[in-house]
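A.B. asks: If you want the building blocks of each chain, they are given just below.
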Amino acid sequence: MTDGPLIVQSDKTLLLEVGHPGADACRKDIAPFAELERAPEHVHTYRVTPLALWNARAAGHDAEQVVDALLKHSRYPVPHALLVDVADTMARYGRLRLEKHPEHGLVLMSSDRSVLEEVLRAKKVKGMIGARLGDDAVLVHPSERGALKQALLKLGWPAEDRAGYVDGEAHAIDLAEDGWELRPYQREAADAFWHGGSGVVVLPCGSGKTVVGAAAMARAQATTLILVTNTVSAHQWKQELIKRTSLTEDEIGEYTGAKKEIRPVTIATYQIMTTRRKGAYAHLELFDARDWGLVLYDEVHLLPAPIFRMTADLQARRRLGLTATLVREDDREGDVFSLIGPKRYDAPWKDMEAQGWIAPADCVEVRVTLTDAERLAYATAEPEERYRFCATTATKTRLVEALVKRHAGEQTLVIGQYIDQLDELGALLDAPVIKGETRVKERERLFAAFRSGELNVLVVSKVANFSIDLPEATVAVQVSGAYGSRQEEAQRLGRLLRPKASGQGARFYAVVSRDTLDQDYAAHRQRFLAEQGYAYRIVDADVVLSGGEL
Amino acid sequence: MESFADWLRARDDDALRALLSARPELVTPVPADLAALAARAATPAAISRALDRLDRFTLATLEAVLVLPGTDLATALAAPPERVAEAVATLTENALVWGDQGPRAAPGVRQAVPHPAGLGPPIAEAFAGYPPARLADLVADLTGEEQNGFPDAGRLLARLAELLADPGPLVEDAGPEARAALERLVWGPPSGRVSDARRPVRVDTAATPIERLLARGLLAAEDDRTVTLPREIALHLRGGRLFAEPCDAPPPLPAPGEPRPDRVASAAAGEAFTAVRLVEELLERWSLAPVPVLRSGGLAVRDLRAAATLLDVEDWRAALLAETALAAGLLTRSGDLDGEWVPTPAYDLWLLRDVAGRWVELARGWLRTDRVPGLAGERDDRDRLINALSEAVVRGGAADLRRSALAVLAGAPPGTSADADAVRARLAWLRPRWYAGRGGVFRDRMAGWTLREAAALGVTGFGEPSPFGRALLAGEDPEPLLEPLLPEPVDRILIQADLTAVAPGPLVAELARELALAADVESTGGATVYRFTPASVRRALDAGRTAAELTELLGRHATGPLPQPLTYLIEDVARRHGQLRVGSVASYVRTDAAATLDEILADRRAAGLRLFRLAPTVLASALPRTELLDALRDLGLAPVAEHPGGEVIVTRPDAHRAEPPPSAEIVRLRPGTADTAMIDAAVRALRAGDEAARYAAPAGEPPRSPAMATVERLRGAVERGRRVWIGYLDQQGQSSSRIVEPVRVDGGFLTGYDATRAAVHRFALHRITGVTELDEG
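Residue numbers (the UniProt record's numbering), protein chains in the order written: chain A, 1 to 550; chain B, 1 to 777.
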């Protein structure tokens with residue numbers, strides 16, 4: 001029995017004791033085939049899933065390495081069944097390969113005839129394949145390349161896509177490293193992607209994913225289609241690309257609700273791509289408007305279902321997904337794997353923070369106690385109104401005011417779910433409110449003012465959740481959130497994690513009503529952050545109101 | 001000429017011991033003397049069992065002895081002489097061959113092997129059924145001269161054998177097609193089917209290849225539709241070899257890889273640890289919520305599935321764990337009419353042992369059981385579902401088969417990872433007759449199940465027996481080998497801000513219990529991950545822990561300070577815990593006059609009424625309403641009864657236990673395990689019986705005499721003090737002969753000293769088949 005830092009559980013989770021001297025070496029060995037699930041202070045939990053094992057296979061690791069890593073670092077004997085299962089699962093990847101045949105074009109090849117027979121008999125696969133070419137190969141309709149990969153993954157025989165990519169229309173793009181340079185991990189991420197062909201890069205919020213995208217474009221030297229979550233984000237991509245690359249404003253087009261430009265680099269929103277007119281997607285032709293050499297997906301974990309379907313038809317083009325987490329609330333991780341590609345690079349938040357690439361954050365949950373009258377009102381509220389009621393109580397409003405006052409002079413964001421509450425807070429704090437109905441122009445003006453320090457306090461609704469670059473926000477106060485979305489919490493914290501000019505840490509407050517649904521939902525949301533190592537401290541509202549030390 | 005029995009008698013005691021150890025069925029029951037032993041050894045049943053134990057090569061050697069007595073066996077078998085000598089020694093030890101001048105087949109062996117080495121009958125036998133006229137024609141065709149005179153079958157057969165002694169030219173003469181037809185029969189089976197086999201054919205008129213062969217005596221017609229290749233012809237065609245393939249070496253196992261004993265031990269210990277943990281988890285669940293025994297006696301499929309879900313394992317593994325617990329005596333059915341599966345008291349003792357000790361009990365139970373867990377979920381011959389824990393999974397000899405399969409693994413060099421097919425091939429070589437016999441399909445599957453189960457229990461790791469698995473198979477104590485591989489119990493836990501606690505190893509029992517109360521188990525394995533939730537903390541508070549106790553306990557065992565969210569959680573739950581109180585009472589007293597209640601409580605006579613005050617105007621009592629009414633009336637009050645409101649009855653689940661039926665504890669004496677003391681005794685008894693028989697018993701049948709004469713002769717013998725030889729039918733109807741010194745004859749019994757048994761016995765007179773008085777001295 002060794003005294004390793006790793007404990008292997010029977011449900012295929014791996015527990016890594018962080019304080020152990022061998023923890024770092026162990027982390028390096030297991031990271032390729034296990035997804036980090038939770039990273040609280042003492043014991044990190046990794047999970048070995050089929051997808052994670054296939055990611056490892058795609059990255060060139062074999063079962064022997066995985067088994068060795070487990071046995072080498074494990075403190076206790078590892079059940080044999082688990083090792084066998086790991087080996088079996090890994091052996092499933094690559095038995096089937098998509099290749100480009102010099103005469104026949106796209107073919108599905110197999111080194112294992114019985115596997116090929118098995119998948120060819122599956123009903124789902126029937127329509128996607130053509131004539132049989134000998135015992136070990138079968139013709140594949142080029143249009144079904146993506147759909148076939150999806151179907152094969154569902155059958156448990158993920159195919160290795162070695163059919164290559166079209167080069168696309170060449171376009172000169174270079175990084176303009178004037179006064180800044182690519183961080184080591186950004187370079188590694190871009191390289192890893194390029195060598196893999198297609199795939200996903202996982203980096204925490206605030207770590208400069210846009211730059212990774214720019215670096216990938218510089219490697220591709222080709223026209224690029226970028227899909228982002230919303231219009232504001234599209235603007236920011238554009239500005240960032242102008243700043244970081246040799247691209248000029250004229251070379252970058254925006255394809256949004258307002259503008260329909262198609263340029264060598266075109267940025268489109270998910271929304272416009274999924275807009276339907278008379279039942280058909282109105283903007284599908286964008287994908288064929290140019291011979292794109294690279295398709296880039298921002299925030300892959302939010303990719304809507306229709307985009308997956310469109311992506312299935314783009315399998316001949318290089319695809320890069322960027323995201324902070326592979327966890328999807330809708331469990332479509334498998335589609336990300338088969339349609340965009342395996343994970344090519346990731347780095348845990350805490351490591352980035354330790355290296356100073358993202359700002360340290362201090363999370364504080366402030367518990368307010370409802371007055372008796374509020375409690376009674378809460379108790380008698382209609383079930384569907386209860387959360388709204390406890391999330392928007394007057395007691396909370398008073399506390400937010402106290403917190404903002406305490407941090408007067410610091411760049412402060414107040415984030416909430418309910419517009420009424422935000423309007424009320426805006427009035428009380430004398431701060432502008434950004435919500436869904438705020439025009440894009442106005443939003444950008446306010447953000448610019450906030451960034452320049454003209455404005456200290458900004459009240460925002462969930463429209464600000466994603467991809468909004470607020471480099472100098474140091475304090476965020478969350479008054480209400482969408483029920484229990486783990487993702488939202490991470491995104492909101494992400495707003496604060498970009499490194500500050502002052503080097504100062506960020507402070508994230510969540511104001512929660514004690515003994516109500518609000519507390520339950522908050523617990524669910526915070527669990528994700530606690531699992532990422534951002535432990536909440538809890539303080540009582542009285543401490544805040546009385547001006548005590550926080 | 002020396003007989004088989006004489007040869008046996010001449011063997012020394014060690015040889016007899018070896019024989020009886022190898023064929024233990026010969027001594028159950030112990031035969032009267034060596035002649036009886038020889039007779040028993042020659043019965044078809046005994047021969048068959050002995051042949052079932054032989055490996056392919058030894059069997060081939062025996063066949064060679066049958067076919068080619070007195071020739072050079074090594075050449076015939078194309079095997080090294082020392083291997084042949086070894087095989088002959090084994091056969092001699094088993095008394096399947098005998099004789100001092102070259103091995104001869106023991107009586108009964110020839111009948112048990114109808115086609116030795118795939119050969120047909122010798123010429124003399126093959127043509128024995130031919131009419132003399134046909135024989136005469138055959139001889140005439142072969143010699144080219146007509147036979148004169150009256151045909152004598154015996155002479156003609158001998159002549160035919162002579163003529164066919166060198167069949168080479170005859171085969172050439174029959175032509176290449178005929179030779180091809182012969183080739184098909186050469187290596188057996190020696191018979192083929194043709195139409196009208198008995199047609200009279202002559203060399204001149206033979207048209208087809210078969211006819212050409214029949215006309216030359218190279219094939220013999222066995223009946224109308226069957227032709228047989230006579231033994232001598234086949235041997236000639238085989239070119240001196242008896243078997244097509246040499247079979248002196250067992251089929252090879254896969255080539256061993258690089259031996260990695262650490263990995264084997266580690267993987268197996270992991271499984272062993274998991275198996276013990278899962279059995280405990282399953283039995284804990286069943287002790288709180290026992291599952292019903294089916295009417296057919298077994299576990300319902302639904303309950304098996306539920307167990308598999310609970311343990312997060314496949315169905316077969318759940319069945320294996322339950323069956324193993326049963327085999328180890330930890331699980332039984334409670335005695336009720338509608339029985340339930342519950343742990344035995346032995347389970348509580350098992351729980352007190354450390355993990356290695358627990359594993360040994362489980363593994364031994366699995367190894368020796370004749371129950372076959374792999375059958376659970378299969379269908380039987382009549383297409384009925386076989387339930388786990390039912391009697392339908394019992395297969396005689398399963399334990400034997402399991403051991404044989406494991407022995408193959410244990411015998412392989414380190415680094416060998418044998419799969420089920422390799423083990424099957426090896427078993428089929430080691431005991432070919434037995435393996436291919438009745439139930440062969442089951443045996444094939446059993447080999448696969450055995451490997452699967454051995455891996456699941458940690459007897460093997462990476463297809464190789466683990467060090468402690470080897471000890472188990474060798475009958476040694478595996479515990480010291482397993483123990484150092486297992487996680488040691490720890491008493492520290494890591495508590496984290498995400499409200500989880502990790503126990504980095506098995507916890508000491510007390511802490512494990514407390515933690516299981518206060519937190520939910522999230523994952524298990526080498527470590528246990530617990531999650532604190534409001535519900536779990538409430539559970540601990542419900543069980544009587546206070547918030548302070550909980551915080552103190554966790555603080556004492558945690559490696560660092562308790563994370564703040566956890567202390568908040570405990571306080572939050574504790575603050576609201578017990579704000580409302582719910583209880584149940586048997587009856588109550590209510591009134592508008594609070595003073596009356598003061599009065600009752602102050603009254604000494606009311607002390608026994610177990611009253612307590614819920615509110616100024618309400619008393620509650622644990623007494624039933626009628627009793628309380630009577631008691632209050634005795635105090636001189638005038639209460640009236642009221643209809644009760646709703647009552648809540650809180651019950652706690654109780655852990656169930658039941659004694660296993662005594663049958664579970666009976667250890668069956670299996671062949672192969674006859675111990676040396678027994679064998680020694682048997683040899684002594686045989687020698688004594690032999691002595692007695694030689695001393696007095698005349699050869700031949702036991703005496704027979706009419707019933708009345710029997711009694712008379714016995715009485716006479718008692719008077720004269722003479723020994724008698726009696727024929728006796730035992731209770732099973734087996735006849736035996738005994739030498740008895742009669743003491744008295746009364747009450748329908750003969751009482752006397754039985755010299756063959758060396759004990760005083762009572763013999764029922766009606767079972768005595770005959771009496772002969774023996775001569776003195």
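In short, the hints are calculated from the structure, not lab data.
Please note: incorrect hints may appear among the correct ones.
What the hints assert, rightly or not - Pairwise CB distance ranges (calculated): (1) B/Ala255 <-> A/Pro304: 12 to 20 Å; (2) A/Asp331 <-> B/Ala509: 51 to 59 Å; (3) B/Ala641 <-> A/Tyr418: 53 to 61 Å; (4) B/Ala509 <-> A/Glu64: 32 to 40 Å; (5) A/Asp331 <-> B/Asp419: 32 to 40 Å; (6) A/Glu103 <-> B/Thr226: 31 to 39 Å; (7) A/Glu64 <-> B/Pro414: 17 to 25 Å; (8) A/Glu64 <-> B/Thr226: 40 to 48 Å; (9) B/Ala509 <-> A/Asp540: 32 to 40 Å; (10) B/Ala22 <-> A/Gly156: 37 to 45 Å; (11) B/Asp419 <-> A/Glu103: 34 to 42 Å.
Here a beta-carbon is modelled for each residue, glycine too, at the ideal position from N, C-alpha and C.
A.B. asks: Could you run down the list of hints and mark each one as holding or not?
C.D. replies: Taking the hints in turn, this is what the structure says about them:
At roughly 55 Å, the beta-carbon separation of B/Ala255 and A/Pro304 lies outside the given 12 to 20 Å, and the hint is violated. Distance hint check: the CB atoms of A/Asp331 and B/Ala509 are about 39 Å apart, inconsistent with the given range 51 to 59 Å. As the Cβ distance of B/Ala641 to A/Tyr418 is approximately 57 Å, the hint placing it in 53 to 61 Å holds. Range check, B/Ala509 to A/Glu64: Cβ separation about 39 Å, and the 32 to 40 Å hint holds.
Take A/Asp331 and B/Asp419: their Cβ atoms lie about 36 Å apart, and the range 32 to 40 Å holds. Checking the proposed 31 to 39 Å range against A/Glu103 and B/Thr226 shows it is violated: the Cβ atoms sit about 60 Å from each other. For the pair A/Glu64 and B/Pro414, the beta carbons lie near 19 Å from each other, so the given range of 17 to 25 Å is met. Between A/Glu64 and B/Thr226, the C-beta spacing of about 59 Å breaks the proposed range 40 to 48 Å.
For B/Ala509 paired with A/Asp540, a C-beta distance near 39 Å keeps the hint of 32 to 40 Å intact. Restraint check, B/Ala22 to A/Gly156: a C-beta distance of roughly 52 Å breaks the suggested window 37 to 45 Å. Between B/Asp419 and A/Glu103, the C-beta spacing of about 40 Å keeps the proposed range 34 to 42 Å intact.
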